Amino acid sequence: MERRTFIKQTGIITTGFCLGAKPEPVLGQGDFRYRIDQNWCKADTAAFPVKNCHEMVLDKSGRIFMTTDDTRNNILIFNKDGGVLGAWGHEYPGAHGLTLHDENGEEFLYITDPERNVVVKTKLNGQVIQTFDWPQDTAEYGSKTEFRPTETAIAPNGDVLVADGYGKDYVVHYGSKGELKNIFGGPKYLQNAHGIALDTRNKSVPAWLVTSRADNKLQRFSMEGTLLETIPLPGAYICRPVVKGENIYFAVLISQLPWDSGTGFVCILDKNNKVVSAPSASTPSYDHEGLLKPLYQTIRAFKHPHDVLVDGDENMYVAQWNSGQVYPIKLTRV
Amino acid sequence: MLHGQTLQLAPPQVTAGNVFFRDKTTVSMEFDMENATIHYTFKDNPTEKSSTYTLPLDIRQSVTLKAIACHPDFLPSAVVERYYVAAKYEPDSMILFSAADEKYPGNGGSSLCDLKKGSTNLHDGNWLGFSGRTVITEAFFTNDIVCKHLVVSTLSDYNSWILPFRKVVIEGKNRCGNWVEIGQWQAVDSSKMISQKAEYANYHSIKLKRLKTRKIRIKIEPFGNLPPGHPGAGAPAWLFLDEIIFQ
Chain A
2 MERRTFIKQT GIITTGFCLG AKPEPVLGQG DFRYRIDQNW CKADTAAFPV
52 KNCHEMVLDK SGRIFMTTDD TRNNILIFNK DGGVLGAWGH EYPGAHGLTL
102 HDENGEEFLY ITDPERNVVV KTKLNGQVIQ TFDWPQDTAE YGSKTEFRPT
152 ETAIAPNGDV LVADGYGKDY VVHYGSKGEL KNIFGGPKYL QNAHGIALDT
202 RNKSVPAWLV TSRADNKLQR FSMEGTLLET IPLPGAYICR PVVKGENIYF
252 AVLISQLPWD SGTGFVCILD KNNKVVSAPS ASTPSYDHEG LLKPLYQTIR
302 AFKHPHDVLV DGDENMYVAQ WNSGQVYPIK LTRV
Chain B
145 MLHGQTLQLA PPQVTAGNVF FRDKTTVSME FDMENATIHY TFKDNPTEKS
195 STYTLPLDIR QSVTLKAIAC HPDFLPSAVV ERYYVAAKYE PDSMILFSAA
245 DEKYPGNGGS SLCDLKKGST NLHDGNWLGF SGRTVITEAF FTNDIVCKHL
295 VVSTLSDYNS WILPFRKVVI EGKNRCGNWV EIGQWQAVDS SKMISQKAEY
345 ANYHSIKLKR LKTRKIRIKI EPFGNLPPGH PGAGAPAWLF LDEIIFQ
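Quick mapping for you: the protein sequence lines, in order, are chains A and B.
When we follow the numbering used here, the leftmost residue of the first sequence carries the number 2, and every step to the right adds one.
When we follow the numbering used here, the leftmost residue of the second sequence carries the number 145, and every step to the right adds one.
For the record, the hints were derived by calculation from the structure and aren't laboratory data.
Each hint should be verified, as a subset may be incorrect.
What the hints assert, rightly or not - List time: in silico DSS-like cross-link candidates among lysine-lysine, alpha-carbon distance up to 27 Å:
1) B:K341 - A:K304
2) A:K145 - B:K247
3) B:K261 - B:K193
4) B:K187 - B:K232
Predicted model, so just to flag it, every value in this text is computed and none were measured.
With these hints in hand, go ahead and build the complete structure from the sequences.
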């Protein structure tokens, strides 16, 4: 039975309220409201240190994999209760993007490292399978150091798309074997092309969603790289799109400059790509012309959210950059 | 799980028609949360007992506005502070004798007297950027003025290699046609000029000696080389200016 239907039918919703105590806050609006648990993660900071926590994915066993740029353990693996199951990785000083892809029943990770100018495909135990290097002999790139990839997305046919968000803002399209197929995007359409995801909510028109973080926009590109649509999200410096069901979830790094302003939050878009909830931020509203009123942080539940993971119960886990070396926070959907 | 009282509110949103103004500017504040209130002062840090914001505020003189958001279920926000600068005199023109960098040209000298505040986008046309050079500019007034204070608006962003100026010398042309010094400011401790936190509204007010004049010259010396420990140590720090206000 679907989780939210079960709760409605039983009529049980724990509020954490007891006589004389103030109720726990609920963050978010509309149908997407959450309680926050900042102590979800049980990691021992000495045994499993983190610097910046960048991105997270969920494997089919229910384990959460996370990138951190602390080379003592670039990949941390958690269970859903926040306990640490394991860790590996010492060779990713800039460990950033993390994508999980099921290839004929076996799961692989794609790690981007903008410091090493490379994308690395690994097994879940860290064994390196393949690397995707900078696109040589192209008009767009003249040297390895110009390529500073932040994210990957995998096409249904196994092609690998790489968002060069800290380099030249192109999306570089490789075949599964690493052959260069296409380059699109770039500074004409993207300012800080931080994240990319495959969008198959409309099965007849699949598309690539690419965040243009510095100018608060989500760009939709065709599978061939033609711009289809621009979705402005004023006040939201969105990191990467996370598509789950009909919705897109975002970690919003900040709502106003400077980059270390500590004004981040998370937000959820509906099937029409309208913001329907912004936990710890202002209520999303659109004017008569369909323009979103700029969002802003209202509750300092986060500093700089960098990624969200949505689990099967539609809870969210939020990893943060430059926030005091904190572990992910859990948002439990109510 | 955390209880509401351990979660802090973010500061209210504060917007103004103009940060720099001649006669009046109107300030609006907003905070989207049911049962939240905004409190403000113009002097000490506000508390829940300070004036409650209900309607836009008309500001007619230079002030520092301080505001917080409050809600019974959350900790009060940090104080948000905004400085609004009144200009008494507006030059007919300002000539820039030191060329700004071609990447940040603004609109030449007129950018410094157009009462437009630069944003966090350094390419918005309101900022003049200089690398490693003293800035010399002259302001011309049709009628004699007696300028009591000069306010120089700059920005500081350590991670973007931008630091405030180190010294300002202000001269006025007297009736004999000679330039005489009427004001000066110099950093006493340069280490205190450096902050890791970016500050896009960095104002220095300098008191001036009385002189009736139609021409004022301002020389602004940059910070100098970036300090040891900075990724660009040894290279000149950038200097950015968006306005000079004559009060």
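Against the structure shown, which of the earlier numbered hints fail to hold, in ascending order? 3
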